[in-house]
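*Asks:* With numbering that gives the first Met the number 0 as the guide, the letters of the sequence shown map in order to residues 0 to 310.
Possibly wrong hints are sitting among the right ones.
Calculated pairs, EDC-like style, for lysine to aspartate or glutamate (alpha carbon to alpha carbon, straight line, at most 20 Å) [stated by the list, open to error]:
#1 Lys214 <-> Glu112
#2 Lys161 <-> Glu141
#3 Lys33 <-> Asp83
Computed spacing ranges between beta-carbons, pair by pair [said to hold, decoys possible]:
#4 Ser231 <-> Ile3: 30 to 38 Å
#5 Arg195 <-> Ala225: 39 to 47 Å
#6 Leu34 <-> Gln13: 20 to 28 Å
#7 Leu139 <-> Ser5: 20 to 28 Å
#8 Leu34 <-> Ile281: 15 to 23 Å
Rather than coming from a laboratory, the hints here were simulated on the basis of the structure.
The model shown is predicted, which means the values in this text are computed figures rather than measured ones.
Where is the CB? At the ideal position from N, CA and C, for every residue including glycine.
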Amino acid sequence: MRVIASYILKGPLQAAMAAGLSAIVSVSAPFVLKLLLIYFCGVVIALVTLRLGGRKGLLVLSIAVAAAILAGQMLQINAQIRLDLWNSVYLWVLVWVCAGILYARRSLILTLEVAGLVGVITIVLFFTMVENPLQLSRGLLEPMRPLLSQSQSGLSRAEIDKMLGGAANILAGSIEAYTVMGALISLLIARSWQARLFNPGGLQLEFRTLRVGKKVGWLTLAGIVAMYFASSLGVQLSLILLNISIVIGLLYVIVGLGVVHGLLALRENPGFWLVGLYALLIILSKLMIPVLMTLALSDVWLNYRNRFARS
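Let the hints inform the model, and build the full structure from the sequences given.
*Replies:* Below you can see the structure in the form of structure tokens.
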């Protein structure tokens, strides 16, 4: 990884080539390879921005976007791939914005909060500016109907309609959370590469000290309370808050992991415990996700790491 990071930072030409080529190949690549290339392109954009600033990062971003759009035009892609392309462009722009904030303010938690704010704004715009957002979401999910009908689960038409309807209600928030997660993965990988080259252990320290500010904590509590009363204020507001909660929940999971990393760093052999943590997160995700979210939110006022460090 040091070799790749060193090559990217060798000069604008090398960074542009890495971003441009990965963007071009990602347009028509199979799903897994496409995902890896999109994230790698985001890593290149973030790494250049983190090390050289927003202007240099914007140059690399522009080349990646232009290369991807040009490849799409030449290949005469279908509507689904075109949608994936624009989602990739949005992810790269978000990576650049987050990396620029981290470069300027040196605050990882502020960067996460801005990423969450962008996600919130995007969801609000979707539900307020699209004429019929649920109909659009259902249309995107409709290709799944034949797969569900042919599955061995024996689902009836009514059950499939109910399943697709429920998925449509949270599709916008799920897509936005997926995009924000991809942008943050690219950013954190770039930050780790930068730390290996110039500041060994720097990312570990940043991640272990992640803590949401009290203003954001109170806003989150207000949002949770609002969700209980949103249904009485209208379907649209209820859907907006539901989809926003998916994005915000993702950010609290990340902060919760940071809290656990910080607590385990106070123990002997923290690596052993971290392996157990991520194993539980994979095996018991339905249990671990709300636990991490609650841990991150309560840490706003309880500051677990400070308490355990003193004891």
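*Asks:* Each hint should be assessed against the structure and marked as holding or not.
*Replies:* So, going through the hints one by one against the coordinates:
Restraint check for Lys214 and Glu112: satisfied, since their Cα atoms lie roughly 11 Å apart, inside the 20 Å limit. Under the criterion of a C-alpha separation no larger than 20 Å, the hint pairing Lys161 with Glu141 is consistent with the structure, at around 12 Å. Between Lys33 and Asp83 the alpha-carbon distance is near 10 Å, which keeps this suggested pair within the 20 Å criterion. With their beta carbons about 53 Å apart, Ser231 and Ile3 fall outside the hinted range of 30 to 38 Å.
Distance hint check: the CB atoms of Arg195 and Ala225 are about 43 Å apart, consistent with the given range 39 to 47 Å. In this structure the supplied range 20 to 28 Å holds for Leu34 paired with Gln13, their Cβ-Cβ distance being about 23 Å. Separated by about 41 Å at the C-beta atoms, Leu139 and Ser5 break the suggested range of 20 to 28 Å. Roughly 18 Å separates the CB atoms of Leu34 and Ile281, a value that falls within the hinted 15 to 23 Å.
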